[in-house]
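Trainee: Sequence:
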Amino acid sequence: MSPPPRRSILRILFIGLLLLGAAVDANDSNAYTVSLLNKIGFTSVTTSTVCSAAGITCESGVVSEIDFQAMIPISITLPDHTVAPFTSYDYSTMTITAILCYNCGARFAGSLPAAWGNIKTLSRINFFVCRLTGTLPNEWGGMTGMTQLYLNGNRLEGTLPSSWGSMTKLGFLNFGSNTLLTGTLPPEWGSMTSLTDLYLDTNKISGSLPSEWGALSKLGTLYLFKTQVSGTLPPQWIGMTALKNLQMYYNKISGTLPSNWASMTNLQVLILYGNQLTGSLPYQWSTLTALTDLRLDTNGLTGSPPPEWSSLKNLKQLHLYTNKLTGTLPQEWSAMTNIFYLTLHHNQLTGTIPPQWSAMTGLGHIYLYNNQLTGTIPPEWSAMSNLVFFYLDNNRLTGRLPKRFPRLYEYFRRITIPSLATFRGPTLPPTILL
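Letter by letter, the sequence shown follows residues -26 to -1, 1 to 408 of mature numbering (1 follows the signal peptide of the UniProt record, and there is no 0).
Think of the hints as simulated: they come from the structure by calculation, not from any bench.
No experiment lies behind these values; they were computed from the predicted model shown.
Where hints are given, some of them may not hold.
Computed beta-carbon distance windows for the label pairs [what the hints assert, rightly or not]: (1) V103 - S62: 30 to 38 angstroms; (2) N288 - K192: 21 to 29 angstroms; (3) R370 - N240: 36 to 44 angstroms; (4) K290 - G229: 21 to 29 angstroms; (5) K290 - T206: 23 to 31 angstroms; (6) Q43 - S22: 35 to 43 angstroms; (7) T263 - T51: 28 to 36 angstroms; (8) S185 - Q43: 37 to 45 angstroms; (9) T156 - T51: 22 to 30 angstroms.
The C-beta atom is built at its ideal place from N, Cα and C for all residues, glycine as well.
Please take these sequences and the hints and turn them into a complete structure.
Mentor: Right, dumping it as structure tokens:
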């Protein structure tokens, strides 16, 4: 077969160039990017040179990514998109997929353009630790292709738009440390069923926890600490079957710990301290065997420590201090052999110190002070050679210090016991702090 005539090849190339030019002309991505760069100080950039400009990525001659970090150290302020030339562009024709500025700090400021909500191809907007101000645009609910949105560490204010519930492909959303954000948590965000990570900490958001968020079955991490959120813990959140890390400390959450959360068996970290929780510790939570860190301190919890929690053998930290717990220390907890940090001080616990706890050979910190414990310090505890902090003061302990304890003093950083007047036995060395 003979090769095609040279004239045919040239014709094909010419048609291809025409089609490429038509595609570029029909897409406002390049013209918009040129205007954007010109406004922030790169006045020499044109539509013919934009693809070679710093921070610009193109595909087939069309801008696909804008990375402002590559343009630092100049100071950048996002221009007002409600005035010319930005009002003349058809954002719906643009094919930009990412607009970024990682950790740009004080050199990047301005407000978020509502017009970006019409760029349907946008999948990533990352502006964390900058100086962005203003509100979160309702129009961004139209960015249905969005998968990653980082806006943490800015100065954004206003409320969380309910319209953003339309971002059903969004997997990662971070608003952390925007201290001026207010309003409530939108129930509509329960439609963001692709979410795997949601960070909404350190702000002035109030209101209740939406039961509708129980539909977020792929959510693995939820940070909602240091806010003004109130109300109760929704039983419906058991629908968050993938949840591993839930941190909602220093809020105003009240009510009881839902017993049906026992089905959230993927939980590894559950931090709820500094709230207004009441009621007892659910024995049903014994099924949460993946837990490594459980912090329920500084609430108003009552009842006894559940013996059933002995099944939580992966726990490394358990904090229950400053509550109103009563009853005795469960000897069954000796099965928690991986625990390192155990705090039960400032409660109303009674009974004796379980000798069986000597099986907690990994225990490094144990705080039992300010309770009503009686009896003696078990001699078996002298085998707990990893202890570095040991607090027992302000109880009703008596008897003799175990003879083997002096062998362990070199391992202790701090030990406090009740008044020596109630104890007999080995003399404490001067290095021990009473």
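Trainee: Determine which of the earlier numbered hints do not hold for this structure and return their numbers in increasing order.
Mentor: As far as the earlier hints go, 6, 7 are violated by this structure, in ascending order.
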